[in-house]
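Chemist: Spelled out from the first residue to the last, the chains are:
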Amino acid sequence: MAVEDQTPLPPPFDTLDEEPWIAPIADDVRAKFAGLDDTIALNIPKPTSPEEEARLVGAFLAGLRRLFSAPDNWTFLQPFLFSVEHCARCQTCSDACHIFEESGKNELYRPSFRSEILRRIYFKYIKKASTFVHGDIDLNWQTVTRLLELSYRCNLCRRCAQTCPMGVDNGLMAREIRKIASQEMGIHPKELHEGGSMLQLKVGSSTGMNPEVLKSNMAFIDEDTSEKAGIKVVTPFDKKGADILLIHNAGEIMAWPENIGAFSLLFNQAGLNWTMSSEEPAYDGINYGVFYDDVQFARTALRHMQVAQKLGVKKIVLGECGHAHKALTVIADKVLTGGLNIPRESCMPLLRDIARSGAIRFDKSRNDFAVTLHDPCNYVRLMGIVSPQREILGHVVPKERFREMTPHGVNNYCCGGGSGFAIMSGRNFASWRHHLTGRRKFRQILQAFQNEPMDAEHPKYVCAPCSNCKGQMREIIAFYKAHEKAGLHYGGIVELMVNAMADAKPGYINWEWH
Amino acid sequence: MPQLPYLLCYLAFGSFAATVIARFVMWSRLPMHVRWELYPVPHEPADKARYGGSFMEETDWWKKPHETSPLGAVKATLPEVLLLSSVKTHNRPLWLRTYPFHMGLYLAGAATGLALLTGILGALAPNLLASSLGTVARKPIIMLGVLGLVLGCMGALALLIRRLTLPALRAHTVPADIFNLVFFIVTFACALLTFVLVDIHADKAMAFAANLASFNLVPMPGTGAEWILPTATVTLASALIAYIPLTHMSHFVGKYFAYHAIRWNDKPNLAGGPQEAKIVKLLAYKVSWAADHIQGSGKKTWAELAMENPTEAKK
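Chains V and W supply the protein sequences, listed in that same order.
In this text, residue positions in the first sequence follow our numbering: the first is 172, and each later residue adds one.
In this text, residue positions in the second sequence follow our numbering: the first is 294, and each later residue adds one.
Simulated from the structure, these hints should not be mistaken for laboratory data.
Watch out, some of these pointers could steer you wrong.
[Unchecked claim] Cut-off 25 Å, straight-line C-alpha distance, at most; resulting in silico cross-link-like pairs (DSS-like, lysine-lysine):
hint: 1; chain 1: W; residue 1: K356; chain 2: V; residue 2: K485
hint: 2; chain 1: W; residue 1: K560; chain 2: V; residue 2: K486
hint: 3; chain 1: W; residue 1: K579; chain 2: V; residue 2: K298
hint: 4; chain 1: W; residue 1: K560; chain 2: V; residue 2: K485
hint: 5; chain 1: V; residue 1: K298; chain 2: W; residue 2: K548
hint: 6; chain 1: W; residue 1: K356; chain 2: V; residue 2: K486
hint: 7; chain 1: V; residue 1: K410; chain 2: W; residue 2: K356
hint: 8; chain 1: V; residue 1: K481; chain 2: W; residue 2: K356
hint: 9; chain 1: V; residue 1: K373; chain 2: V; residue 2: K361
hint: 10; chain 1: V; residue 1: K535; chain 2: V; residue 2: K410
hint: 11; chain 1: V; residue 1: K399; chain 2: V; residue 2: K386
hint: 12; chain 1: V; residue 1: K486; chain 2: W; residue 2: K571
hint: 13; chain 1: W; residue 1: K357; chain 2: W; residue 2: K560
hint: 14; chain 1: W; residue 1: K592; chain 2: W; residue 2: K574
hint: 15; chain 1: V; residue 1: K535; chain 2: V; residue 2: K399
hint: 16; chain 1: W; residue 1: K357; chain 2: V; residue 2: K486
hint: 17; chain 1: V; residue 1: K411; chain 2: V; residue 2: K386
I would like the entire structure built from these sequences, with the hints used as guidance.
Modeler: Structure below.
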């Protein structure tokens, strides 16, 4: 691929020459690790002997077999089996994929491509079925490592699945390949496993934050928020029998404390009976297992629920984190029983109800700047939560300043950071991500603001109410220097709410780049 | 063996039914999976289904009745079945080819069904069919049949040309894809030739259907082309009917599950509800995944693995 394969962005970013191309990986890295399209997500060492090659292929086939076994894969067996058996190879899904489109329709990124490879391997090497019917493929260590890498070239946004006339789900197929890698072969991106789910199980948070650090950080956030808003804020912790246990993505505490502070302020001002937990891992809603490993997923979800059970809360509310929403409310739904089956819900309807209730007065004129809304895939396409966030914006942003992206809602495009990509930056992966996965969202944002003066003097707010999406926004805006060139800024939805709170000091949103 | 065409038909129908039932049973017996719905879900009430909203847009949704609209699901299913609406929306060039093909199949199937029905009626009430009703019934059967065969043949041919000429499709085509389309083209073309050359009033077809329906296995009449063409049509059609459900073209069975059991399956597991008992059983499955952080070895259950903390030894 080259930058010339890509369609130019809208102005003022319409000169391809200005886009620094993907930095090449070092020769010694390329020699040592298996890669794909000149980037690396998994760092699989190249085998150095025929025995190692055979071991790699054998482990892959063993994992593939397990995907078809009910005891090992009851969690996804039916949807997986359907997607294996019923693809008509019509390629209807291709145009729905933002990566395929932004790559200039590079065959490698066709959403059905990796699925078809997996399918052919299964039918030829596991089922020993006819290659006349299912197609032929050679299986060797390169096929395996390239396929595993290819499973990390998909955001798992499932936009392609929405368009499939059969109901085949190539996003699911990519995730199942990731499961072979992780659950059987012990291969995973270190950001998701060692530095993600394992760290969370070990200390309570993938940020490395333990309960003591959490309390200290939260005290600082309360103080800072009180000062900025002019209203005393105290975040309640470990309150037994509270109506609500609020679980944030702990990354927010470290990177975007204004989001955490805004939640505390709004919940307190609305008079809610709520609490946060300081017990590991319930102060960090992340569950990276949802991206690559069912067992790690179940472990994290179970621990979240155990803390909620111990606190005796009536329900869990998830803060602005898309994958935490889907993990705990939807996927964990078929894992929890008895006392652990405590109701869980998104923060969006609750915030909408607060805005509707009139418990807090909002002055829209304080948000007199252009605003667009990014729909996190996990809220919309995967949970059907579309309207509350728009209603909230209706309460706090002047109608004429709001710009919908096209398309939006359940037909949205992924931010490009989905499925763990937002935190994966090893080697040159971040550079690859900016060009391939994040470019469509950046294009959409620019299109939404095209009738605005595209300069730094006219601030524009990209409301991205999801931690991973926000991380991706930060990177893509920085990559294109769009804060300086076009006045783009990003943040969550609660910051906009507090910025419009009539009883708070004005200027909650920090427009400096951070 | 003069009864062979009849036997082939019985075998084909039997095989078709058995395979379809087996596939239906296979799909329905798979264990419950985790929720993996994809919005829009059309059985949400109309005001939410309009933009893809769900019951999860409400606070405390578990305290409220989960209102669903069966009509919404029907309104989404009918255009999908009758108009192939998702192909129409997302891949118009394909729809222009695959819709005639599918419509051809529907119409040819309807004509066959009507012919068999007429045959049964004829066996049960010969006088009724001998009256003007028999003549009246024949016209729509001929019309549906011919239109179905023409559309099916043209659609399959157009699909084949597209698959062979469009690089994006060609690269993903396996030999069976070509074989399947050619199979349809040859079968439809043979049936059309039979109609045009030796059975323009559909007398032979109607008689064969009547004999088939009444188990009256008299030899097919005629010699030369008059015998060869109808026999070839029956043989090809029988083979096709038996073959379809053995392939990925059995999506007419699987698609029901893809939509109702997966894509639109948003049924929450409420505390103390009927799903919990099933989940307890599933969590007792023993796991064999072999990675270091799992080491299932077929001995640990899902419940045990979930309780286990692989980092504890390192703490």
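Chemist: Please go over all the hints and tell whether each is borne out by the structure.
Modeler: Verification of the supplied hints:
Between K356/W and K485/V, the direct Cα distance comes to roughly 12 Å. Compliance with the 25 Å bound is thereby established for this hinted pair. Note on K560/W and K486/V: the hinted pairing holds, with a Cα-Cα distance of about 19 Å set against a maximum of 25 Å. With a CA separation close to 23 Å, the supplied pair K579/W and K298/V stays within the 25 Å bound. At most 25 Å may separate the alpha-carbon atoms for a hinted pair to count; K560/W and K485/V meet this at roughly 21 Å.
Distance check on the hinted pair: K298/V and K548/W sit about 23 Å apart at the alpha-carbon level, within 25 Å; holds. About 12 Å separates the Cα atoms of K356/W and K486/V, which keeps this hinted pair within 25 Å; it holds. At roughly 23 Å between alpha-carbon atoms, K410/V and K356/W fall within 25 Å of each other, so this suggested pair holds. Only pairs whose Cα atoms come within 25 Å are accepted, and K481/V paired with K356/W is accepted, the gap being roughly 22 Å.
For the suggested pair K373/V and K361/V, the alpha carbons sit about 15 Å apart, so the restraint of at most 25 Å is met. About 34 Å separates the Cα atoms of K535/V and K410/V, which puts this hinted pair outside 25 Å; it is violated. A C-alpha spacing of about 20 Å is found between K399/V and K386/V, which places the hinted pair at or below 25 Å, so the restraint holds. Taken as a hint, the K486/V and K571/W pair is honoured in the structure, with Cα atoms around 23 Å apart against an allowance of 25 Å.
For the given pair, K357/W sits about 14 Å from K560/W by alpha-carbon distance, which is consistent with the 25 Å threshold. Taking the CA atoms of K592/W and K574/W, the gap is near 15 Å; set against the 25 Å cutoff, the hint holds. Proposed proximity of K535/V and K399/V is supported: the alpha carbons are some 18 Å apart, at most 25 Å. A hinted pair counts as satisfied when its Cα atoms are at most 25 Å apart, and K357/W with K486/V qualifies at roughly 15 Å.
With a C-alpha separation of about 17 Å, the suggested pairing of K411/V with K386/V holds against the 25 Å cut-off.
In summary, the structure is inconsistent with hint 10 from the numbered list given earlier, while agreeing with all the others.
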